[in-house]
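*Asks:* Same order as they appear, the protein sequences are chains A and B.
The first sequence begins at 489 in the working numbering and counts up one residue at a time.
The second sequence begins at 32 in the working numbering and counts up one residue at a time.
These aren't lab readings, by the way, just hints derived from the structure by calculation.
As the structure is a prediction and not an experimental result, all values here were calculated from the model.
Just so it is clear, CB atoms sit at the ideal spot from N, CA and C, and this is done for glycine as well.
Some clues are possibly wrong.
[As the list claims (entries may be wrong)] Subject to a maximum C-alpha distance of 20 Å in a straight line, what follows is the list of computed EDC-like cross-link-like pairs (lysine to aspartate or glutamate):
1) K690/A to E139/B
2) K332/B to E232/B
3) K500/A to E309/B
4) K191/B to E232/B
5) K759/A to D682/A
6) K679/A to D121/B
7) K679/A to E504/A
8) K59/B to E92/B
9) K690/A to D166/B
10) K690/A to E110/B
11) K695/A to E92/B
12) K170/B to D682/A
13) K844/A to D109/B
14) K500/A to D166/B
15) K695/A to E139/B
16) K690/A to E232/B
17) K164/B to D109/B
[Said to hold, decoys possible] Residues from chain A shown here face chain B by an in silico Cβ test under 8 Å; the list is partial:
18) M489
19) G684
20) L694
21) K759
22) A766
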Amino acid sequence: MILAVWLKELRKLVRERGNFVYLLVMPMAFMILFYFLFNQSGTGIKLNIVDADHSALSQQFIGAVKKIPGFQVSEATDGISQVRQEVAQGKLNLAVIIPQGFAAGLAQRQPVNITLATGPNAAQSTGPVSSVLERLGQRFADPNRPPDLVQVKVEQAGGGPAPSIASQIVPGYTVMFVFYIMITILRSMFKERDGGILERVKTTPLKAYQYMLGMWLPQVLAAMVQIFVLFAFGHWLLKLELGNYGLLFLLSLALALCATALGMMLTMLAKGENQGMAMMQFFTLGGAAMAGLWMPLDMLPATMQKIAHILPQYWAMQGYQALLLNTGDRQVVWTGIGMLTAIALVAVGIAATRFKQFARAE
Amino acid sequence: MAAESAGAMAIAGLELTKRFGHTTALEKVRLQVAPGDFFGLLGPNGAGKSTLMKLVTGILEPTGGSIEVFGHKAGRNDEVRRLVGYVPQDVALYESLTAMHNLQFFGEMYSLRGRTLRKRLEEVLEFVGLTEKADEAVKTYSGGMKRRLNVAAAILHRPKLLLLDEPTVGVDPHSRNRLFEMFRRLRQEGTTIVYSSHYMEEVEELCDSVGIIDHGRLIEQDRLADLLARYAGNQVYVELPPDAARDEGRWLAQSYPGLLSAHQAGAGWLAEAGDRLELMQALLKAASEEKMDLRRLELVKPSLESVFLKLTGETLRDE
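Bound conformation, chain A alone (with noise of 0.2 Å):
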């Protein structure tokens, strides 16, 4: 009989088209919109340098800037009071305007002021373009190295190439979009309740553990199909190189059990649908923000690095993480596969001692 729930459900699956929009569909197309976003040469932070000393110094300056990765420069024609009025504005983000007498300040030893204008959405880049201009700066005021011999190197630790964007892009956006399967657990199990069809089938020699293990497994293996067609479409599309077979896989599986299970907890523990949609938004989109599916988790500010110890999606994406960059940590990912079916294990359970009340509660 469960295999009957699990063929049905399976059907459903397929034939209700909407699913395979929101679980391969929009995932794809976020990894191919971030993929690009971030790996197109020219991207950057664009700095607009006002010259108003024309001197060998300030040129010196400016192209020492220009050689630095990660900016876009150009020389801004206009006046400063002009440049000003467009960085005011908006038009403009950043603007670097070198005082007249930038040269002749340094060669008397004189304090000089390099000013850093900036515009109403320029808020994450200005501490990064003052550091470096800062530094800059004071390599410039040093007669004892000449400012044309500064240079940036930007090198991978560890020795080996950079690695691609896609090792962050495609286990992100795949450990986020496998968690909106709890969605279609959630519109499934009300379906069936409010449609009367849970009741119809509690008339039948059914029991209730095999049909709630007939709904949870077919989403199991949806979401094993998930991981499986999105990390195939970042090896063939995005480069993404895999690491170990063996491990992915279980993995993933651990990752389709934990999401599964919850989207079985929470759809058990919601008071209506619409409950239980926001729960599931929340989680979903809250957790991938936390637990750096979005970005490298040492971007986020250290309490939430912490708090994402709670996540399941930080311990799938360790995990992830660990095998595509190859580093050699198998711990990570063997901490990752046992935290993400612990999980599972206790989400059941609650869904479990739940369901009695979910179907009486029409």
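On the provided structure of chain A, position chain B as indicated by the hints.
*Replies:* For chain B alone, coordinates are given in the frame of chain A:
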């Protein structure tokens, strides 16, 4: 196939009570349905019909009293579940799946497998006239077709007792007649049927026995013919010419002192007496003496409407 106890009633409910919090849905209901009977459960919306059916199927558990199905205690009892087929009031099917896949699913819920299941699927689809449409998704079906499939899902396992909860709600007359034909055939094949409805004409047309339920109480239960004879056999309809000065109720009572009751019905009155021919003669005589032409005077065909009115003091409300 589940066994039924010899000589047992199809349904035997004793002092059956169901409460939801402070609301009493059923109060000390005593219900007896004989095997092979076509039993109509008549009552307005909210009277307790669906609750009673859910107690028989085991979907709900009684707060008090007991209920047996063919001698087995109802509730979480697989024996009873195999004996009972339940057609819920709403169409409870998977809209995105085909009729065949829906029936296959419900058949497997009753442990039907392989060749047996395939044979039953063919039989049932033929029975409900959906063989041609078996591989189409249910969402493409008309309301009547969905209702037929709703019944089909409940008879795959050949239940001895079929519970039909308002099975014709929202269907057109043609589909309703088709459903009626199906129910009659099932009855001829020996299935005991409990048919809940608030449409009195449907119950009159189909059922042998009737239980009248209102506000959670089973007010009366008997053979349909006996109920009609007992409660609705002695009425005449009379319509007097318009006269603002006349108190029509008083005129009726004065014309025939043996009048048992009189209720306004449409433009006239339903008057009841121990002997309705004597009542008609008395009314004709009184009208003649007053040189008044009665607009209508006729015998009333006994109906469940009259029975319900007599027993509850209200017309069957459709809320």
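*Asks:* For each hint, tell me whether it holds in the structure or not.
*Replies:* Status of the hints after comparison with the structure:
The hinted pair formed by K690/A and E139/B meets the criterion: a straight-line CA distance of about 14 Å does not exceed 20 Å. Annotation: proposed proximity of K332/B to E232/B holds, straight-line Cα distance about 13 Å (limit 20 Å). Of the supplied pair hints, the one linking K500/A and E309/B is violated, its CA atoms being roughly 68 Å apart against a limit of 20 Å. With a C-alpha separation of about 25 Å, the suggested pair K191/B and E232/B falls outside the 20 Å cut-off, and the hint is violated.
For the proposed pair K759/A and D682/A, the alpha carbon gap of about 12 Å is at most 20 Å, so the pair holds. Simply put, K679/A and D121/B have alpha-carbon atoms about 13 Å apart, close enough for the 20 Å limit, and the pair holds. Restraint check for K679/A and E504/A: satisfied, since their Cα atoms lie roughly 13 Å apart, inside the 20 Å limit. Distance hint between K59/B and E92/B is fulfilled; the C-alpha atoms sit about 14 Å from each other, no more than 20 Å.
Restraint check for K690/A and D166/B: not satisfied, since their Cα atoms lie roughly 26 Å apart, outside the 20 Å limit. Restraint check for K690/A and E110/B: satisfied, since their Cα atoms lie roughly 14 Å apart, inside the 20 Å limit. For the hint linking K695/A to E92/B, the alpha-carbon distance of about 16 Å falls within 20 Å, and the restraint holds. Among the hinted pairs, K170/B with D682/A is consistent with the structure: their alpha-carbon atoms are about 17 Å apart, no more than 20 Å.
A hinted pair counts as satisfied when its Cα atoms are at most 20 Å apart, and K844/A with D109/B qualifies at roughly 18 Å. In summary, the hint linking K500/A to D166/B is supported, as the alpha carbons are separated by about 15 Å, within the 20 Å threshold. Distance restraint check for K695/A and E139/B: the Cα-Cα separation of roughly 13 Å lies within the 20 Å cut-off, and the hinted pair is therefore satisfied. Straight-line distance between C-alpha atoms of K690/A and E232/B comes to about 32 Å, which puts the hinted pair past the 20 Å bound.
As the CA atoms of K164/B and D109/B are separated by approximately 32 Å, the hinted pair breaks the 20 Å bound. The interface hint given for M489/A holds, since its Cβ lies 6 Å from the closest Cβ of chain B, which is under the 8 Å cut-off. Below 8 Å, beta-carbon pairs count as interface contacts, and G684/A has one with chain B at about 4 Å; its hint therefore holds. Interface hint at L694/A: satisfied, since its Cβ lies 5 Å from the closest Cβ of chain B, which is below the 8 Å cut-off.
The closest approach between the C-beta of K759/A and any C-beta of chain B is roughly 17 Å, which is over the 8 Å cut-off, so the hint fails. Taking 8 Å as the C-beta contact cut-off toward chain B, the hint placing A766/A at the interface is violated, the least distance being around 25 Å.
Violated hints, listed in ascending order, are 3, 4, 9, 16, 17, 21, 22; each of the other numbered hints is respected by the structure.
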